[in-house]
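J.: Each residue of the sequence shown is one higher than the one before, counting from 0 in numbering that gives the first Met the number 0.
Heads up, some of the hints might be wrong.
Stated by the list, open to error - In silico lysine to any residue, SDA-like type, Cα no more than 20 Å apart, as pairs:
| hint | residue 1 | residue 2 |
| --- | --- | --- |
| 1 | K553 | E509 |
| 2 | K296 | P145 |
| 3 | K415 | P178 |
| 4 | K43 | Q21 |
These are calculated hints, taken from the structure and not from any lab test.
It should be emphasised that the depicted structure is a prediction, and the values quoted were computed from it without experimental measurement.
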Amino acid sequence: MKKLVFFILFISSSFILADDWQTFYEKSGFKETPRYAETIRYCKKLANASPYVEYQSFGTSPQGRELPLLIVNKNGQFNAAEVRKTNQVVFYIQAGIHSGEIDGKDAGLMLIRDLVIKNKFPHLLDHVTILFNPIFNVDGHERFGPYNRANQNGPAEMGWRVTAQNLNLNRDYLKADAPEMQAMLGLYNEWLPEFFADCHVTDGADYQYVVTYKIELHGIQDAAIIDWTQKNYLPPLQRKMKKSGFPIIEYVSLRKAHDLESGMGTWATPPRLSDGYSAIQNRPGLLIETHMFKDYKTRVTGTYEILKHTLEILNEEYKILRQKIADADRLTASTAFRANPFTVVYKSSPDSTMIDFLGYEYEKIKSDLTGGDWYRFHADKPKTFHIPFFNKMEADVYVKLPEAYIIPVEWQQVIKRLELHGILFKRLKKAATIMVNSYTFQDVSWAKAPYEGRQTASFKVHPIREERVFPAGSAVIDMNQRTAKVIANILEPQARDSFVYWGFFNAIFERKEYVESYVMEEYARMMLASDAELKSEFETKVKNDSAFAANPGKILMWFYRHSPYWDKKMNRYPVGKIMDRESMNALPR
């Protein structure tokens, strides 16, 4: 009864005090975005005024700021376990992962205000619970200034792209180095939202579209969810956005920079990015990209409309989407999922589709300043182009998935990252000798410069099968779980965002023991005298490889590699793949 009385009071007062509910952005004439403190104040004001809203913090940034979250639920349920018992879907809206691209914050605050204070669209909360993170990169947000986005038309001042630790959160979903990302993964795996929207502002060519999007249709998203996205989500979204004055198109990635007539391409999104990460969790993830050259009011309005229309569709599709996701989770956790090769890398197909593209007339001239190509777009001359869209992908690298992976206990950093992703595993109670599949690495090299704070590795792999001893405490990761795609993307070395690629295992590529040349000179002669096959192999290599034959150091290293003193663990992947369930079930766990 008390809640009902309070609800009536806040509804009536909202009409009287409507002006008090203008956001900072609206009060500025749609030209400015609020700082962190003002944003938090408005979030808490919403939560204090409405029984539908609760303000929470889901973590703390390196500089000590709360990571803010608004939970919106018309039944006053703000606990994930409670909401999961209902038929509602959870819609997670994330803004400010790149804090200079802040349209989503102001759009989201207005949308929630309109839902719970102005009572404009009350039905949009019937079957949807909203999680709204107005600023993900809170420290970068407070690196505030007018010169943070050279290409972008407003707001007057905005935050910075990366965190205080100089990490790009939208490259961090799988490796999870940033404290902010680790906190967000806890939130994500607690709620497991059925739909995820990540709000950005794009760079690139100039064109008529205010809003573009990317949603995974080309990679390892579940086939039934791709079908739902293509048939049940995108067509009504496209119709609704066009009717609202915002025709949309898939993310504009031109095959030749700035040149529209070269055509568009797409890609299978890697899980370092938000929409790619959602895909390997069997959930649709929408990347919203407004266009940098449009004024701030137009961009925020476009973001507002796509979020509102997505809410409309989710309220119609909530039962179907929940069922599709539940089916996808069950399939991923089954032996049927592992019956076929699993694609870890996709490549673009040469096939294309011709599409109409709403652009502007443009010219390419030779710059008298730099001598390079200078593209000049004429926004006063709209033009519809008919261009090829290379929107098909095909498998490039695929692997056979095991019944389980096993990680030796000493690789604690990797094991702890698995927990962040909601991955379940058990520990060996005592040491065990296990037959496993694994890999050795060849032609290992590293990027010349760090990337997201890591020295990424490139390599070739060679499959092996051997017995290994795994110590007590080693992590056994059964693939009969819904996170099987996440596991494979982390632990299969050839996957685009594998932990081998990100440098978690770089130590295995280092030689830690040595031999003196004068010792090896003598030992090499003993090896030749005692092993005729080795002698023949050596003579053939000297004959066919002149560079090798002329290099004493390489010759002695060759003998060292063939000696019993060579480190057999060097360039050997410590993670094992248990290929049969009988062996896995027999482990001491």
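J.: Hint compliance check: list the failing hint numbers for this structure, sorted ascending.
T.: The structure conflicts with no hint, since it agrees with every one listed earlier.
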